[in-house]
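Note that the protein sequences, when read in sequence, are chains Z and E.
Quick note, the first sequence lines up with residues 1 to 527 if you use the numbering used here.
Quick note, the second sequence lines up with residues 1 to 331 if you use the numbering used here.
Calculated directly from the structure, the hints in this document are not laboratory data.
Treat each hint with caution, since some may be false.
When the alpha-carbon atoms are kept at most 25 Å apart in a straight line, the in silico DMTMM-like pairs for lysine to aspartate or glutamate are as follows [said to hold, decoys possible]:
hint: 1; chain 1: Z; residue 1: K484; chain 2: E; residue 2: D148
hint: 2; chain 1: E; residue 1: K234; chain 2: Z; residue 2: E494
hint: 3; chain 1: E; residue 1: K325; chain 2: Z; residue 2: E69
hint: 4; chain 1: Z; residue 1: K488; chain 2: E; residue 2: D55
hint: 5; chain 1: E; residue 1: K118; chain 2: Z; residue 2: E118
hint: 6; chain 1: E; residue 1: K226; chain 2: Z; residue 2: D36
hint: 7; chain 1: E; residue 1: K325; chain 2: Z; residue 2: E300
hint: 8; chain 1: Z; residue 1: K469; chain 2: Z; residue 2: E494
hint: 9; chain 1: Z; residue 1: K391; chain 2: Z; residue 2: D156
hint: 10; chain 1: Z; residue 1: K208; chain 2: Z; residue 2: D156
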Amino acid sequence: MVKRKRKSSEEYSFRFVIEDELAPIAFVQLFDGENDLVHSGYGSIENLRVPRGMYRLRVELNEFTEEREYRITSDITDKLTLVKISSAMPLLGRINTHEYFSIPTEKWSSEVTLKTSEQLPNSIFLFFRYAHPTVPLKSAGGDPMLHQNFMILDRDRQVLFILDKENTRWCKNENKVDNVLVEHFAWCAFHVSVPSGQYYLHYNGERKREIPLYVFPRWQTQLFLMFSSEPVFSTTRIFIGRNGFNRHDAEAAIIDALLQKMHNGIYQVPPSIKLQAADGKWENPMFGIVVCYIYLLSRENSDDGLIETMRKNLEHRILDAAISPDIVALRLLSAIHKKERLQKEENKKASAENRVAETIQFELPSVKFNEPCMVAAGMKAVLNYAQTIEKDVTGDLVDKIFTSQRPDTIFTSYVPPPLPADVKRSQSSRLSNLLSRIWSTNLEAKFEKDNGWVTAVLRELLAHDKEGKLDLNDLAKSLRLPPKKVAKYVRMLENEGSIYTTVKNFFSSKERGRVAIIKENLARFKK
Amino acid sequence: MSENYGIIIGVQHYKGIDPLEGPHNDAADFEDWLRSSTGGNVPANNCMRFTSLNDFSKPLQHQIDEWFGNVYQILTGKKGLRLYCYFSGHGLGVSWNETALLLPNWSTIMRNAALSSKKYIDKLIGDGVFEQIYFFMDCCSNRLPGSDPLPPSFSRPMTSSNPGEHLAIYASEFDTPAFEAMQLNDTMDNSLARGLFTQVLLEGLKGAAAGPNGLLTVGDLVKYVKTELPEFAKKMGKTQYIRQNASLSPDVQVIDHKHAETYEITILFNVAGPTLVLENTYAETELEINTQTGSWSGSLRRGNYWLRKQDEERAEMKIVVNGLKNRFTYG
Numbered sequence: 001m002v003k004r005k006r007k008s009s010e011e012y013s014f015r016f017v018i019e020d021e022l023a024p025i026a027f028v029q030l031f032d033g034e035n036d037l038v039h040s041g042y043g044s045i046e047n048l049r050v051p052r053g054m055y056r057l058r059v060e061l062n063e064f065t066e067e068r069e070y071r072i073t074s075d076i077t078d079k080l081t082l083v084k085i086s087s088a089m090p091l092l093g094r095i096n097t098h099e100y101f102s103i104p105t106e107k108w109s110s111e112v113t114l115k116t117s118e119q120l121p122n123s124i125f126l127f128f129r130y131a132h133p134t135v136p137l138k139s140a141g142g143d144p145m146l147h148q149n150f151m152i153l154d155r156d157r158q159v160l161f162i163l164d165k166e167n168t169r170w171c172k173n174e175n176k177v178d179n180v181l182v183e184h185f186a187w188c189a190f191h192v193s194v195p196s197g198q199y200y201l202h203y204n205g206e207r208k209r210e211i212p213l214y215v216f217p218r219w220q221t222q223l224f225l226m227f228s229s230e231p232v233f234s235t236t237r238i239f240i241g242r243n244g245f246n247r248h249d250a251e252a253a254i255i256d257a258l259l260q261k262m263h264n265g266i267y268q269v270p271p272s273i274k275l276q277a278a279d280g281k282w283e284n285p286m287f288g289i290v291v292c293y294i295y296l297l298s299r300e301n302s303d304d305g306l307i308e309t310m311r312k313n314l315e316h317r318i319l320d321a322a323i324s325p326d327i328v329a330l331r332l333l334s335a336i337h338k339k340e341r342l343q344k345e346e347n348k349k350a351s352a353e354n355r356v357a358e359t360i361q362f363e364l365p366s367v368k369f370n371e372p373c374m375v376a377a378g379m380k381a382v383l384n385y386a387q388t389i390e391k392d393v394t395g396d397l398v399d400k401i402f403t404s405q406r407p408d409t410i411f412t413s414y415v416p417p418p419l420p421a422d423v424k425r426s427q428s429s430r431l432s433n434l435l436s437r438i439w440s441t442n443l444e445a446k447f448e449k450d451n452g453w454v455t456a457v458l459r460e461l462l463a464h465d466k467e468g469k470l471d472l473n474d475l476a477k478s479l480r481l482p483p484k485k486v487a488k489y490v491r492m493l494e495n496e497g498s499i500y501t502t503v504k505n506f507f508s509s510k511e512r513g514r515v516a517i518i519k520e521n522l523a524r525f526k527k
Numbered sequence: 001m002s003e004n005y006g007i008i009i010g011v012q013h014y015k016g017i018d019p020l021e022g023p024h025n026d027a028a029d030f031e032d033w034l035r036s037s038t039g040g041n042v043p044a045n046n047c048m049r050f051t052s053l054n055d056f057s058k059p060l061q062h063q064i065d066e067w068f069g070n071v072y073q074i075l076t077g078k079k080g081l082r083l084y085c086y087f088s089g090h091g092l093g094v095s096w097n098e099t100a101l102l103l104p105n106w107s108t109i110m111r112n113a114a115l116s117s118k119k120y121i122d123k124l125i126g127d128g129v130f131e132q133i134y135f136f137m138d139c140c141s142n143r144l145p146g147s148d149p150l151p152p153s154f155s156r157p158m159t160s161s162n163p164g165e166h167l168a169i170y171a172s173e174f175d176t177p178a179f180e181a182m183q184l185n186d187t188m189d190n191s192l193a194r195g196l197f198t199q200v201l202l203e204g205l206k207g208a209a210a211g212p213n214g215l216l217t218v219g220d221l222v223k224y225v226k227t228e229l230p231e232f233a234k235k236m237g238k239t240q241y242i243r244q245n246a247s248l249s250p251d252v253q254v255i256d257h258k259h260a261e262t263y264e265i266t267i268l269f270n271v272a273g274p275t276l277v278l279e280n281t282y283a284e285t286e287l288e289i290n291t292q293t294g295s296w297s298g299s300l301r302r303g304n305y306w307l308r309k310q311d312e313e314r315a316e317m318k319i320v321v322n323g324l325k326n327r328f329t330y331g
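Pulled out of the complex, with its shape left as it was, chain E reads as follows (with noise of 0.2 Å):
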């Protein structure tokens, strides 16, 4: 059977620009996610996690390409199924589907230590030996003149008659910042910086893309964060849109895991009085709901629902059953 495979770049130590704080904490949750068994599903020897040193020597082009060639060395004769791509670092938008991806040593000088994604992508997709490639790049996409990004340098010998399809998604547009923020957790004890980027992406990838029927498709993930980075990045105060670019069909899945269609929901209330009216998407009702009992608890389907008053038009809450949060406090 084919199996999946995954690297990981965090690089947040930068010879000639500000460092970063969140990449190796983003890099380290997005190997949590690829290495469970319901999410890449990724096996140990498979997965290489890539983060930097303060004297820039790690990681460098070669120890990145020496892996790709010892997987290519691995799979000679045979065909891997998903190749899960990430990096979270300082970037730079060469044009509207390449991003330089800048490694430790790059400075102002050494403007072109960074390897190109759309040189890695086409090459990947050339040479054949995954049937799906997944590019996430958690990176910002300005512009500075003058920066040729890397090739590969490791090759198959002929491009495959067979070729990759692919998924790319850039945390930016081009020509606009990706951002970092505080995450603010239950605890608040915790005042890591974070790109914003990968926490919608991993919320997606670990389940809230997923349809109604629980299975994560290529399409269900870039709706889910196209929808939701702009939102996350509003309430940073910050304005910020993916860019994708993909040739792999929307109703491909991107994880064999079949996520949970129904959930166990609560919904406490605050204000105890009036009959609420639980809604799907097509304004139909599901429920009726006694509030008079401080809380409701039942299963509903994976999907968008909203509460109204019994005798108002209006909705008042949202509720998204996606796994993400089965609690939820009305009034």
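One chain only, chain Z, in its complex shape (with noise of 0.2 Å):
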């Protein structure tokens, strides 16, 4: 039985203005007395015709919720006029933006904190800072520590850059209000041009670290870090800017905050927001790497046109956008979307139709990623594209950090395979000696041997397969692996098998069943 509700004849407007540039992200829903919803969208309210009686309205925009209560009995006009949110990026109207992070960040991000021999319209900008109430940032002889063990590296992650107290500016201070510490603060910038192309920001402390960056021609790829004790890799923030940063560009605040839904699972694009980027009325190509992202990754179809003309505008906009990863991952998002819709309307026709629907067929785009997409959303797409079609699409680094990823930044954010100049220096060092030489190939050997869960899943999966049913696709789709990994893994346990073989008297007969399922499991695969 339904429940029908008693309503009030009475009806008055209820009106909601958020004067905020984040208004059109900020999600709004207005519950009667009972708890129902009344209302739910982005943005402001206009008039909105409801029956006398008690209202609950909840603002929400990532950490910021705000709820105001009403006694609807005559027409009512209210505002917000702040959003409380905090961010990486020093942009106005951030709680934690104050001038001691924006101007130099505004300053730095125009001049080059390193010169080089050619100044090239490209650069990557990087702006750490720190900021604590009572504790202040350690540091060595006066200098913070913020730039310490972070390095640049090349395409092919040879070291371009080691950050120093030198290539760097940087500040430690307090901020007093009327003699009374508020806060310790500490900030350090890293500006220098370089041609266009893929790059990676690696950090080589106690947590090792490593972040994709690419620079594409003409803008300035600008990445924003908080720290605590050590760098907080879930606060990175990875912008495009042309000029520099300016603290009072509103696109940029979207953008913040729509990667800041998107981190928290939330795909979903503000209306107003695809009309803005339908009309192409944006200039910053992380706008549309954005927005598009968003809509891929989201089950909507009702605007696929709209998204399309925005991805290939995209691609216009920025000229090596076919060598981008993310530009590459999104053109292959697209088509797997589109391939979905297709396959959900054959199904809808068919379920009319009462027959079976058939799988559709679409060919993806031929793609290769041998770099790592800024955003890890793109990795997703490309691991599933790899486990998809049987041709290579991976590169070699980008196969060894699907293991090591860290999902607690929207950004892809891995523990980095060693530096290859560390591998070449430790065979070289201690080339004379045999078991060196075996100790320094196991750095690469350390790398995969710390990602030892596959392995061992891999073992699992193998040991229950009794009947011999699962394929490399199989495998690969549960670990969530590209196929030539997981083959790579399966060549591992192979060798392994030699071992157990050795010491096969020491396993209880339960184990040995186990060791046997998994040899002839290994013996199929090596066919």
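Dock chain one against chain two, each of which comes alone in its own frame, and use the hints as you go.
Structure (structure tokens):
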């Protein structure tokens, strides 16, 4: 039995205005006095007619939520003037933005901190910052250590720049109001012009990390990061700027908030943003990249044409779009999205005609990913692609990082494999000693060993596959790895096979049974 | 008459990750509700609580599945009415509708040592052993690659032609963590860390979520937890929203017990003077109250009420009559 609600016959107008540049992406819900939803949508509420009664309004934008209660017995207009959210980007209006962060960001994103022989219109700008109400940042000899252990790698992961106190600009100070300490703060900026292409920010501290960066021709790739006692990678923001950073940049504020939504798994592009995108009223490639990712990851199909136009605009605006991993990933996602829509339509048609739906034949574009995307969602698309296509579509580095990706940021971030330079150095210095040579090649092996979960899970899967049904693709899907990568781990297990044979007497009969099944399955893969 | 069954799993010891502090208490509280005649009304023999040991030997999947197997055995040829499944522990989101419920022996190496919420729910629905299946999961749903949680090892020989219906409520949205918080109770001497979700869920199940007629339906419960959890989490400085999916109709009763429709309410007035108006959800006057007397006592129907000064338009105080709290202080 469906409950019927009593309703007042009196109706009034309810208007709620959000006076903030983030209004288009603020999610607003209005509930009646019995907590039933009356309205939900993005941005301000314009002239909603509601019956007399008690209401509760909730505004949500990332970590910001605000609730207000209303007794509606006449027409009501109310407003919200500031959406209080924080960001690693020192944009105006964010609660953790202070002039002592935004002014140096603007200054040093316009001037290089490291002069190179050739001044190019493309650059990398890094801005790290620290703030704490009571604890000053650890420092050595008075220098804040924000730059320590950071380096920029080139496309081949060779070290290009090691950040130090000479090639960065930095500050460490206290913020006092009326002689009362408000917070300790520090910042560090690094800006260098580089040829367009693929780069990596490599952190060689206690908890190693690496983040891919792509520099588009005539654009500046900006990375913002907050610190506590060590870098807080979950706060990473990568942005693209034309003439340095601008704290008043409304487009940047929207992109920043959309990225956070995406990180929270909210794949919804508010209608007004979609319209803005369709009209081409945006300049920053990051705007196009983020809106396309969010839409293509959603299950929405209503604006496929519009997003496709936007994606193509993006390719036209960026000169080397064809080789930027994110742009290529978007082309791929777009094709997958289209394929899913066609299949959905076929399913619906088949269901109406009372027949079994046919599998849509749809060829995905032929692409290869030698470098990782900046946005983690792109990497997920690459993985799905690698699992559905028989061709080898991923490069060595992309393969390696699938097992060591960290999920704490919206951007691709992973525990890095050893730097090529380290492997070489280790080999040459110890080449005379056989045991040491084993140790040196084991730098790579150690990285794989840190991903020991893969072999452990693989062993489990093979041990349970008594009927030998699983193929490489099944294993890849279970492990969420490209089949090529799984094949490598299968080979590692084959090597273990000889160990099993040697020590088999140490196994219990149950274990011996498991080992036999694993070995049978491995032999099957070898064939 | 068909009976209700319940399984409660609380895991706070983990071999490969940080321990939790709340799951055992949460599991005990849930069991109290489950066995109460005004709650789940599950007979003692039909109820099993698993809690973890610090040697990580329990509960493992075969122990849990053995209980299900025994229940299947008992219910051969007949059907159970309701099955309540509760899990408190670490979790990982596999997809938007699947969470890996981590067992004590889970580690980054043993990353499949977890129960798949989806595979268990699908199996229980398909086997048709119970009419209604409830899954309440107080755990995180954030992601870790390469985790393929385990399907159940029990099964009926054939899929039932009369499958069950279900309600699954997850403590957090996909890819967001669920939180534990210090419980601030009246005596302040109890510093149990509790799952925020479990606290709100139990409040709802104990009657706070029931509709105006005192009956607790699937729709009422979901609405209550969906509304109250974000507010409660916000008080703890957290953001937490539930995720749910259901095939059960919103008007299906979660329990048989009918909660009271009216409650005796007392309102104390710290500020004597103005005449107050108590209004209902339609902003209609229910009562006019003279605050000079220092307090007001009377019977109110279930629902939300608001107090305002007679000569002012703005509501000053919300009074929620749902059995949780019967004394309120104004001013």
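Checked hints:
1. Using a Cα cut-off of 25 Å, the hinted pair K484 (chain Z) and D148 (chain E) holds, with the two alpha carbons roughly 19 Å apart.
2. A threshold of 25 Å between alpha carbons decides the hint, and for K234 (chain E) with E494 (chain Z) the separation of about 52 Å lies outside it, so the pair is violated.
3. In summary, the hint linking K325 (chain E) to E69 (chain Z) is supported, as the alpha carbons are separated by about 21 Å, within the 25 Å threshold.
4. With a C-alpha separation of about 35 Å, the suggested pairing of K488 (chain Z) with D55 (chain E) is violated against the 25 Å cut-off.
5. A hinted pair counts as satisfied when its Cα atoms are at most 25 Å apart, and K118 (chain E) with E118 (chain Z) does not qualify at roughly 57 Å.
6. With a C-alpha separation of about 11 Å, the suggested pair K226 (chain E) and D36 (chain Z) falls inside the 25 Å cut-off, and the hint holds.
7. The straight-line distance between the Cα atoms of K325 (chain E) and E300 (chain Z) is roughly 44 Å, outside the 25 Å bound, and the hint therefore fails.
8. For the hint pairing K469 (chain Z) with E494 (chain Z), the CA-to-CA distance comes to about 18 Å; that is within 25 Å, so the pair holds.
9. Taken as a hint, the K391 (chain Z) and D156 (chain Z) pair is honoured in the structure, with Cα atoms around 23 Å apart against an allowance of 25 Å.
10. At roughly 18 Å between alpha-carbon atoms, K208 (chain Z) and D156 (chain Z) fall within 25 Å of each other, so this suggested pair holds.
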